[in-house]
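Asks: Here is how the chains run, residue by residue.
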Amino acid sequence: MKKIFIALSFVIVAFLIIPLIKLLLSIHFISYISTIKDKEVIGSIVLTMKVSLFAVIFVLFTGLPLAYLIARYEFKGKSLLESIIDIPIMVPHTAAGIALLITFNNGFIGNFFSKLNISFIDTTQGIMIAMMFISAPYLINSAKEGFKNIDPKLENISRSLGANSFYTFLRIVLPNAKKDIINGMLMMWARGLGEFGAVVILAYHPMVAPVLIYDRFVNFGLNYSAPVAAIMIIVSVIIFIFVRFLNNKFQN
Amino acid sequence: MLEIKNLFLKKGDFTLKNISFSIEPNKYFVLLGQTGSGKTLLLESIAGFHKIDGKIFFEEKDITSLPPERRNFGFVYQDFALFPNLNVEKNIKYSEKFKGKNETLFEDLTKFLNIEHILKRKIKHLSGGEKQRIALARAIYSRAKILLLDEPLSAIDPTMRNEIMKNLKELPKRYNLSILHVTHNFREASYLGDFLGIMLNGNLIQTGEIKNVLKNPISIEVAKFLGFKNLFNVSLIGFNSTKYFSIDPNDIKISLKKEKYDYCFEGIVEEIMGITDHYKVFVNVNENQFFIKVIKNDFEKLNIQKKQKVYICFNKKDIIFI
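Protein chains in written order, with this note's numbering: chain A, 1 to 252; chain B, 1001 to 1322.
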């Protein structure tokens, strides 16, 4: 049986890896150099990473409390709430984009933000909410698992030693759930980087990397879009591996 | 010092039913109960981790609704619940931010509990005994006036247990505190406690000074739980009542002939078990099985075999009536 399983595993691993390697190898060295020198490309990659990071930070402040509540307390509608959090993973991304457009472009919420001079059409804020909508569940769910794994007795002890509940959360709960939270942040951030469907509906410009890749493919063809795609993949993978490495290294 | 009045709590499968008792300053109170009798829940309620009905007074003040951080009770869980993200020293000094520094106390504690050499270690590399001493040190360093100990010895290697029991017994006087220790082990209880409470199914059914409780269990359940052996109806020794009596297996003389004791019964040896330094002999007397402990040498002199007819004899003064 083991041999058959290994063979089957090999098929799927090959399927996942070969296209990426093909892409990276299909581009000439000179193409790489010229693409790196292309300010539009670098600007777009930096924008993508930066905005996705902002989305992660926003969810860190709002999603962690939510994840903690779900992990620690029993309340009515808890499983419904957990299902709602998972919805963005299931809906088509363009549909999510449309929903966000309807919500943030007009109506009560749209008007509220326009009074504050914040628009979501063709702005980085628009990109951010699109990324955030699609990717927030990854961080929330991962943090939830992390919090669930922390023995509530640790919190009890911290309280009995004189710490209030907020200090306990900062000093005991967060550090011990760190690994899951950082993994969740990485997953969310990576998911945001790749987001195209929802972003493109709210903000074609400024162009994030996936939109730029699409834009170049449609307007100029494969030769112009492939190097951008390759560089985006390389940079993401490097950052991803680096953060994972740090996370594992500093875990206890 | 600590007074619990009509504490009532229902949580999951557990219910604590109108529990009342009090603990004196510098005393060691052991609460003995079976697994699942709600002991941990009771400790947690006293520590303030659950909302309860009833009242808790500490030094005459009503603390029923105070949050745990304002109660000043140290807590040690069965699995010690050390903070995995902090090293040994930082675990112990966790309360420093709220209770202030006290280097003398810290040094005394680490010396007394023999943990000076592991202060810089990480939690995951410690043995059960080490963890337990750190958890104790952490609780005492928070200047706790009462220590709440939840089965503190059950996760300890048996070879370490005696030493830790000795430490525990010394704590109240040395650090001027009271201890409430819950356990299911009556040996632990009888060595450590000044006072004893018996908990069965969420009820506190007997409390008192340990020697009184051990001498006068109020029911056969309590007696069984306290490890009393040879529990029989008093009709066996000629009383006309539904009460019970117990006789210590060490206080029974086994012999081949009738001897001069207050009571002597003829019986058949059912089972003999040789343990390192003594023998456990089970003798059937009119369908009542007596359990007798005999020292190795004495037993070997008697040369008793299974199925043999013997006499078991004991004196009135050794009988405990229940």
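It is worth saying that the hints were derived from the structure and are not from the lab.
Ideal Cβ positions, reconstructed from N, Cα and C, are used throughout, including at glycine.
Take the hints with a grain of salt, since some may be wrong.
Claimed, not checked - Straight line, CA to CA, 30 Å or less: simulated BS3-like cross-link-like pairs of lysine-lysine: (1) B/K1099 - B/K1061; (2) A/K153 - B/K1011; (3) A/K153 - B/K1309; (4) B/K1229 - A/K178; (5) A/K76 - B/K1011; (6) A/K153 - B/K1010; (7) A/K153 - B/K1211; (8) B/K1061 - A/K179; (9) A/K179 - B/K1120; (10) A/K249 - B/K1061; (11) A/K153 - B/K1166.
Unchecked claim - Covered by chain A, according to a simulated footprint, are these stretches of chain B (three or more residues, beta-carbon under 8 Å): (12) 1025-1039; (13) 1057-1069; (14) 1169-1179; (15) 1206-1215.
Asks: Each hint should be assessed against the structure and marked as holding or not.
Replies: Hint check:
The suggested pairing of B/K1099 with B/K1061 holds, with an alpha-carbon distance near 20 Å, which does not exceed 30 Å. Restraint check for A/K153 and B/K1011: satisfied, since their Cα atoms lie roughly 16 Å apart, inside the 30 Å limit. Distance check on the hinted pair: A/K153 and B/K1309 sit about 57 Å apart at the alpha-carbon level, beyond 30 Å; violated. Distance restraint check for B/K1229 and A/K178: the Cα-Cα separation of roughly 53 Å exceeds the 30 Å cut-off, and the hinted pair is therefore not satisfied.
Among the hinted pairs, A/K76 with B/K1011 is consistent with the structure: their alpha-carbon atoms are about 17 Å apart, no more than 30 Å. Taking the CA atoms of A/K153 and B/K1010, the gap is near 19 Å; set against the 30 Å cutoff, the hint holds. For the hint pairing A/K153 with B/K1211, the CA-to-CA distance comes to about 34 Å; that exceeds 30 Å, so the pair is violated. A C-alpha spacing of about 43 Å is found between B/K1061 and A/K179, which places the hinted pair above 30 Å, so the restraint is violated.
At roughly 23 Å between alpha-carbon atoms, A/K179 and B/K1120 fall within 30 Å of each other, so this suggested pair holds. Simply put, A/K249 and B/K1061 have alpha-carbon atoms about 49 Å apart, too far for the 30 Å limit, and the pair is violated. A hinted pair counts as satisfied when its Cα atoms are at most 30 Å apart, and A/K153 with B/K1166 qualifies at roughly 26 Å. Restraint check on the stretch 1025-1039 of chain B versus chain A: 0 residues with Cβ-Cβ distances below 8 Å, three needed, restraint violated.
Using a Cβ-Cβ cut-off of 8 Å, 3 residues of the stretch 1057-1069 of chain B lie near chain A, which meets the minimum of three, so the contact claim holds. Residues of the stretch 1169-1179 of chain B lying with their CB closer than 8 Å to a CB of chain A number 0, which falls below the three-residue condition for coverage. For the stretch 1206-1215 of chain B, the proposed coverage by chain A is not satisfied: 0 residues have a C-beta within less than 8 Å of a C-beta in that chain, short of the threshold of three.
The structure is inconsistent with the numbered hints 3, 4, 7, 8, 10, 12, 14, 15, although it conforms to all the rest.
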